[in-house]
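J.: Residue numbers (the numbering used here), protein chains in the order written: chain A, 1 to 183; chain B, 1 to 299.
Hints may contain errors.
Mimicking DSBU-like on lysine-lysine, the simulated pairs with C-alpha atoms at most 35 Å apart in a straight line are [said to hold, decoys possible]:
{"#": "1", "chain 1": "B", "residue 1": "Lys-242", "chain 2": "A", "residue 2": "Lys-157"}
{"#": "2", "chain 1": "A", "residue 1": "Lys-4", "chain 2": "B", "residue 2": "Lys-131"}
{"#": "3", "chain 1": "A", "residue 1": "Lys-98", "chain 2": "B", "residue 2": "Lys-131"}
{"#": "4", "chain 1": "A", "residue 1": "Lys-172", "chain 2": "B", "residue 2": "Lys-241"}
{"#": "5", "chain 1": "A", "residue 1": "Lys-98", "chain 2": "B", "residue 2": "Lys-65"}
{"#": "6", "chain 1": "A", "residue 1": "Lys-157", "chain 2": "A", "residue 2": "Lys-172"}
{"#": "7", "chain 1": "A", "residue 1": "Lys-170", "chain 2": "B", "residue 2": "Lys-65"}
{"#": "8", "chain 1": "B", "residue 1": "Lys-241", "chain 2": "A", "residue 2": "Lys-157"}
{"#": "9", "chain 1": "A", "residue 1": "Lys-98", "chain 2": "B", "residue 2": "Lys-62"}
{"#": "10", "chain 1": "A", "residue 1": "Lys-157", "chain 2": "B", "residue 2": "Lys-62"}
{"#": "11", "chain 1": "B", "residue 1": "Lys-65", "chain 2": "A", "residue 2": "Lys-86"}
{"#": "12", "chain 1": "B", "residue 1": "Lys-131", "chain 2": "A", "residue 2": "Lys-172"}
{"#": "13", "chain 1": "B", "residue 1": "Lys-275", "chain 2": "A", "residue 2": "Lys-98"}
Derived by calculation from the structure, the hints in this document are not laboratory data.
Residue-level listing of the chains:
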Amino acid sequence: MRSKDLETQLIERALSSLEERFGISKDYFSTHHLFARRNDVWCCSREAGEAEFPQIVRRGLRIARVFEHSVRPTTNAVQLFGHLVKRNRVDLDERETKRFLAGQTQDIHLPEVEGGECVTGVTGVISFEKGRKPQVVMRMPRRGTGVTGGFVVAFHKGYALGIGLLKENKLKSQVPRSRRVIG
Amino acid sequence: MLERFEEMGFDLSRFVPALLRPPSQAFRINTLKGDREQVLESLAHLEPEPCGWNSLVFRVKKRLKLGNLTEHFLGLIYAQDSSSTIPVTVLDPQPHEEILDMSAAPGSKSTQIAAAMRNTGLLVANDVSPKRIPSLTGNLDRSGVLNTVVTRLPGQAYGYIATERFDRVLLDAPCSSEGTLSRSFRTLEIWGESAIKRLSATQRNLIMSAYYSLKPGGVMVYSTCTFAPEENEGTVSYLLKKFSEAIVEPINLEGLNTQPGFSRWRGEEFNPAVKNILRLFPHQHDGEGFCVARISKPN
Ligand SMILES: C[S@@+](CC[C@H](N)C(=O)[O-])C[C@H]1O[C@@H](n2cnc3c(N)ncnc32)[C@H](O)[C@@H]1O
Numbered sequence: 001m002r003s004k005d006l007e008t009q010l011i012e013r014a015l016s017s018l019e020e021r022f023g024i025s026k027d028y029f030s031t032h033h034l035f036a037r038r039n040d041v042w043c044c045s046r047e048a049g050e051a052e053f054p055q056i057v058r059r060g061l062r063i064a065r066v067f068e069h070s071v072r073p074t075t076n077a078v079q080l081f082g083h084l085v086k087r088n089r090v091d092l093d094e095r096e097t098k099r100f101l102a103g104q105t106q107d108i109h110l111p112e113v114e115g116g117e118c119v120t121g122v123t124g125v126i127s128f129e130k131g132r133k134p135q136v137v138m139r140m141p142r143r144g145t146g147v148t149g150g151f152v153v154a155f156h157k158g159y160a161l162g163i164g165l166l167k168e169n170k171l172k173s174q175v176p177r178s179r180r181v182i183g
Numbered sequence: 001m002l003e004r005f006e007e008m009g010f011d012l013s014r015f016v017p018a019l020l021r022p023p024s025q026a027f028r029i030n031t032l033k034g035d036r037e038q039v040l041e042s043l044a045h046l047e048p049e050p051c052g053w054n055s056l057v058f059r060v061k062k063r064l065k066l067g068n069l070t071e072h073f074l075g076l077i078y079a080q081d082s083s084s085t086i087p088v089t090v091l092d093p094q095p096h097e098e099i100l101d102m103s104a105a106p107g108s109k110s111t112q113i114a115a116a117m118r119n120t121g122l123l124v125a126n127d128v129s130p131k132r133i134p135s136l137t138g139n140l141d142r143s144g145v146l147n148t149v150v151t152r153l154p155g156q157a158y159g160y161i162a163t164e165r166f167d168r169v170l171l172d173a174p175c176s177s178e179g180t181l182s183r184s185f186r187t188l189e190i191w192g193e194s195a196i197k198r199l200s201a202t203q204r205n206l207i208m209s210a211y212y213s214l215k216p217g218g219v220m221v222y223s224t225c226t227f228a229p230e231e232n233e234g235t236v237s238y239l240l241k242k243f244s245e246a247i248v249e250p251i252n253l254e255g256l257n258t259q260p261g262f263s264r265w266r267g268e269e270f271n272p273a274v275k276n277i278l279r280l281f282p283h284q285h286d287g288e289g290f291c292v293a294r295i296s297k298p299n
C-alpha cells in the first residue's frame, strides 16, 4: 500500500475513534489540516499545513496516537476539544484532580452495569411529601457520562483535564511526565 | 554596568533598587482555551489587577507559583511578566494573516500571537537554538496552538527564503537582558561591553532580515529586554540608515508610564524617528525593563 493511503487510513481510524468513543464529530476537523507521522495524527491550520520552509521541526498539535487495538487522544488535544466530548467523560473532584495532574492511578467508583455500558450516577436527592409533587431538593454533580472501560476524558469544573485509562474502577492518568503538576 | 546606567541619566538611588526588586507576577488569559470572564472567576482568589494596555493581562500581588495552578496546567493562563506582553499588543496580530516570530523560544509571545490570530492563518515560530526548541513546543502545546510551524533557522535566513512574505514580523531579539536582573543574575555572567557589541551586530543582521521578510504595507515590532542604547535605538537607527522609507510609528498604550527613545549615546546621534521607541524602566513601571519599536514598511 502507498504511504499516502496508510496515512489516510491512520487519520480515518483516529477520527472514527474520536467520534465513536467520545462523540467528537469528524466535521469538527473539516476546516483543519490533518496528517500522520508514524503512529501519530497531527492537526494544524490549513495554512500551516501547506507552508514550506527549510528546517521545519513540527506543525500544529499532535492529537492522537493510534495503537493496534485502540486510539489514545493526547492530553493537549482533549484540553482543546474537550467541550465537544459527549461520552466517556468522568468528573473529578478537587482531590482526585490533584492526583490526576500528578500522573497517579486512583480508585474511582463509577457504578457500572454488566457488559460495560455505563450508569451516570445519582443526579439528585428527591423529596416525597404528602400532597406535593416529588421535588429535587439537592442536585448532585453527575459523576460520569456514558462511561465504559478504556480511555476516558477526565473533567474538573467543566474543563477537560486530559485522558485517563479506566479499568475495573481504577483511573490511570495519562498526563505526560512533562506536563505533570506535583505538590 | 552601573557607570553605563549613570551615563544613561538614571538616578541610581531609585533605579538600582527597582531593578533588583522582582516585579509583581502577571498572567495572560489564553483565549484559545478559555473564556476571559470564566477564567477570571476561577482566579478571583488571587485578586488579579488588570493592566490597562491589554484586557487579557493581569498582575498578581500575592506571592505564589502561578505554574502550579490548575488553570496553568489547562493552558487557560500563561504566566509572563507584564512587560513581556507589550510587544505583541503593539504588533496587533489579526486572524488569517501570515506572521513570523523570528526568535520565538520559549514561546511567551508566539502563544500570545496565536491567540490573537484565533488559531487561524500561519504563524512561523522560529528559533536558532536546538536547546530552546522543546520549551517552545511545550508552551505551544499547553496553549493549544494549531496554526504554527516551528522552524530552527538563524533568523538571518528569513530575509532570503521568505522575502516580502509576512504581514507582520516580531523580532524579540537576543539581547544583554539588563531589564531582567531581578529574575536572574545569570545576565551578569555574560554581560559586558564586548557582549553588547556582539549582540548589537547580530541584532542589526536580524532586523534587516525581518524587514526584508515583511510585505509592503506590513508591520514589524522590534523588542528587547535591555536598556543598552546600542541594542535599541542603535539597531533601529541602523535599519533606518539602510531603508530610509521605514517608519517608526508612535505607540500609545493605556496605563503605562513610558519614556521615549534616547536621541544620542556616547557621541552617536540617532535618527530622530527613534524617539517613537517605547521604553519601560523598572522604577517607573511594575514590570521588567523593556524596549519596543513598531516599524512599518510603506506600500
Ligand atoms: C529574548 S529571547 C526570545 C524570547 C521569546 N520571544 C519569548 O517571548 O518567549 C531571544 C531568543 O533568540 C534566539 N536567537 C539567538 N540568536 C538567534 C538567531 N540568530 N536567529 C534566531 N534566533 C536567535 C535565542 O535562542 C533566544 O531564544
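J.: Keeping to a limit of 35 Å between CA atoms, is the pair of Lys-4 of chain A and Lys-131 of chain B held or broken?
T.: Status holds; Cα separation ~32 Å.
J.: Is Lys-172 of chain A close enough to Lys-241 of chain B, meaning Cα to Cα at most 35 Å?
T.: violated (61 Å)
J.: Does Lys-62 of chain B lie within 35 Å of Lys-157 of chain A when you go C-alpha to C-alpha?
T.: With Cα atoms ~24 Å apart, Lys-157 of chain A and Lys-62 of chain B stay inside 35 Å; holds.
J.: For the pair we were handed, Lys-170 of chain A and Lys-65 of chain B, check the Cα-Cα distance against 35 Å.
T.: Holds: Lys-170 of chain A and Lys-65 of chain B sit about 31 Å apart, inside 35 Å.
J.: Within 35 Å, alpha carbon to alpha carbon, are Lys-241 of chain B and Lys-157 of chain A?
T.: violated (56 Å)
J.: Run the distance test for Lys-98 of chain A versus Lys-62 of chain B: straight-line Cα separation, threshold 35 Å.
T.: With Cα atoms ~22 Å apart, Lys-98 of chain A and Lys-62 of chain B stay inside 35 Å; holds.
J.: Does Lys-86 of chain A sit within 35 Å of Lys-65 of chain B, going by the straight-line distance between their CA atoms?
T.: holds (34 Å)
J.: Please work out if Lys-157 of chain A and Lys-172 of chain A have their alpha carbons no farther apart than 35 Å.
T.: holds (20 Å)
J.: Mind checking the alpha carbons of Lys-98 of chain A and Lys-131 of chain B for me, to see if they're no more than 35 Å apart?
T.: holds (30 Å)
J.: Is Lys-98 of chain A within 35 Å of Lys-65 of chain B, Cα to Cα?
T.: holds (16 Å)
J.: With a cut-off of 35 Å on the C-alpha distance, tell me whether Lys-242 of chain B and Lys-157 of chain A pass.
T.: violated (55 Å)
J.: Just to be careful, I want the Cα atoms of Lys-131 of chain B and Lys-172 of chain A compared with a cutoff of 35 Å; is the pair within it?
T.: Answer holds: Lys-131 of chain B to Lys-172 of chain A is near 32 Å, not above 35 Å.
In this structure, the earlier hints numbered 1, 4, 8, 13 are contradicted, and the remaining ones agree with it.
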